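Which chain is which? The protein sequence lines are W and R, in order.
Counting in my numbering, the first sequence tops out at residue 450, every number present.
Counting in my numbering, the second sequence tops out at residue 1145, every number present.
One thing to keep in mind: the hints can contain errors.
[Claimed, not checked] Ranges of calculated distance between the beta carbons of each label pair, as one might list FRET restraints:
| hint | chain 1 | residue 1 | chain 2 | residue 2 | range |
| --- | --- | --- | --- | --- | --- |
| 1 | R | 1129 | W | 419 | 41 to 47 Å |
| 2 | R | 1111 | W | 419 | 50 to 56 Å |
| 3 | R | 1092 | W | 367 | 48 to 54 Å |
| 4 | R | 1071 | W | 38 | 26 to 32 Å |
Treat the hints as calculated values from the structure; they're not laboratory data.
From a predicted model like this one, the values you see are computed outputs, not experimental measurements.
Backbone N, C-alpha and C fix where the C-beta goes; we use that ideal spot for every residue, glycine too.
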Amino acid sequence: MFKKVLIANRGEIALRINRACRELGVHTVAIYSEADRTSLHVRHADQAFCVGPGPVARSYLNIPNIISTALITGCDAIHPGYGFLSESARFAQICNDHGITFIGPKPSVIAAMGDKATAKRVMSEAGVATTPGTDILASVREAARAAESIGYPVLLKATAGGGGRGMRVVNAPEELERAYASATAEAEASFKDGRVYMEKLILRPRHIEVQVLADNYGAIVHLGERDCSVQKPSHQKLIEEAPAANLPPKTRDALHAMAVRACAHVGYTNAGTLEFLVSGEQIYFMEMNTRIQVEHPVTEMVYNIDLVKEQIRVAADEPLGYLQGDLRSTGHAIECRINAEDARNNFAPAAGTLEHVVFPGGPGIRVDTHVYSGVAVPPFYDSMIAKVVAFAETRDAAITRMERALRETVVKGTPTTIGQCLEVLATKRFRSGDYDIDFLPSLLHAAPVA
Amino acid sequence: MPEDLSPAGAGARLPALRVRALAEAFSATDLIRLRIEGPGSDAVELRRSTRVPAATTGAAMAEPESGSPLKTAAVKADLVGILHLGRPAPAEGQEVDAGRELAYVEALGIRNPVRASGSGRIRTVACRDGQAVEYGQVLFEIDRS
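In isolation and in its complexed conformation, chain W is listed as follows (with noise of 0.2 Å):
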C-alpha cells in the first residue's frame, strides 16, 4: 500500500479522497488554489499546498506545481479525482516519469478511451455496438456529405470532449454550417482541440452507464449500471440512480456483458465507467470515462462497496480479491446534484457566498460535500457544492427519502437546483421510470420553474 497520496482535486470529490486513504491508513497531501484557501479539504488532508492562483490553468492543472509538490513531499501516488488532470494520457505519463503512481488506468488506454474516435473504433472491434457515425470531420463539406448519408438529425461532438462542451443537435443540412463552427470553437476553448466527429441522433434515448473495476492480474468486474437520464438542456447530469428502472433484465445482461468484454479488449485496469445510449431494445456505446465519476456513491451504496478504495488498493498493486459472483446488488440508491446554479436561468453558475448551510442526516442518507456556512463558492471551478444520496429498499422508498433529505436542506445565499431536483421527483414520468434524456428539458420547457 501507498505511504502518502497526493489529491490533485479539489471540493467534494478531494475531500471522498481524503477520506479513503484515511480509512485505509495512507498520508494525504492537498493542493489548492489561492481561492480555495478556506475550502474543506484543505483542512482535511495531512499537508497542503498552494498551487497557483484561482484560474484552473494556473492552479489544478499545473503539473508542474502538482508534480513538484507531489516529489518534495514524498508521495507515491497521485489521485486525480474527476475532471481537471483525471484523464490526461499526459499527466498520467509525465506521474510515471517520475516514480509516482497515478492511480488509474495505463496513459495509453486513457489515450484511446479519451479519443472518443478512437474509443469508438476500438469497441466495435470487442463487439460493442456504437451509434452509427464518422471518424474525425476535416471540414463543413465532410460534414454535410456524411450527414446526407447517416441521416439527420446529427450529433455533433468534440473528440476531446465532456459535460456537454463541444456538442450540438444538428436537425437540418440548412443547420449543419453555423452547428459546425459553434462546435468546433466551443470545442476549441474548452479542451484545446477543436476536432469534432458526427453520430447519429438517437430520439429519446435513456442514458445508462456500467460501473467496472479491473486489477492488474486480469480480474474484471462490473458493479451494475447507473441510469443517468435525468440531463439538463446542456447534457450534464442532475439525478442518477442505481439500479436502472424498468430495464428488462436482457437489455442489463447485455450491457454488463459487453462493459466487461470492452475492458477485456483493452487491457483495462482500475475503475472506469462506459457510457451507453439505450433505446428500446438498442444499445449504443457512447463514451468510456477512465476515472471515478462524480455519481459514484448510488453503486457504492446498492454494492455495499468504496470504489475510492478500490481503486487506491488496485493501483497498490493488490488483487481485487472477489469474483463477479460474490457481488450483489441490493436496495436503490438516488443521487441528487446540489449545484449553486440558477435553474430559472439556463441554470447558469452562481458564486458567491453560502451564508447558511444544513445538510440533511438520518437513516439512508448520505452527502458528499466541501462547503460549509460561511464559505465563499470562487467562480473558477464547478458548481457542484454537494451530492445527497438517498438508499432504501426499493425505488419508491429511496424517492420518498430522498424528498424528505431535500427538503431538510437548507443553502442560503445563492440559488440552487434543489428545486429543481423536487420537481422531477415528483413527477409521474420520474416515479414511474419511465423516462428519458429528453424528460428534463421537456419538463422545464412545458412549466419553467416557479
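Dock chain R against chain W, hints included.
Relative to the frame of chain W, chain R by itself:
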C-alpha cells in the same frame, strides 16, 4: 507557469556541448523561451534569465500595503519547490539592489531564481534554507528605498 517544465531533467541526455551551442544561439535571439523536443522523451528548454522581471523568474514582488509608512514589498514564491538561500545568505537589515538573487526555488531539478525587484533594505527573511515552499508564500519583505 508553463506546463512544459517537465519531465525534469529530460534534457540531461543531450550532450552538454550541444546544449551550450543551443544556449549561445538562443541568447542571440529575442526569444523568452525555447523548447526543443526530441523523438523520445528528450527535451531541452531554454529560458532567458537576465533583464526579465522577477515575476517571470520564480518570484513576484507584491504591491506595498497601503497606509504603511515605509513602502514594504513582499517577495513571494511563484512555484512549488525547495527553497535555497543565496550565498552569502540574505540577512535582515541588509541593503540589496534591484535584481539581486536572494534565493532560488528548486523545482523538478530546475533552479528558479528569486530576485529583489527593487532596491531597499531587507526587513524580514521569512524563509529558511532547504524549506518546501508553496505558490504565493512570502519569502522576504523589503523596505523599498
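Could you check the hint for me, namely that residue 1111 of chain R and residue 419 of chain W are 50 to 56 Å apart, CB to CB? holds (55 Å)
Between residue 1071 of chain R and residue 38 of chain W, is the Cβ distance one that fits in 26 to 32 Å? holds (30 Å)
Supplied distance hint 41 to 47 Å, evaluated on CB atoms of residue 1129 of chain R and residue 419 of chain W: violated (56 Å)
Taking 48 to 54 Å as the stated bounds, is the beta-carbon spacing between residue 1092 of chain R and residue 367 of chain W within them? holds (49 Å)
Of the numbered hints listed earlier, the single one contradicted by the structure is hint 1.
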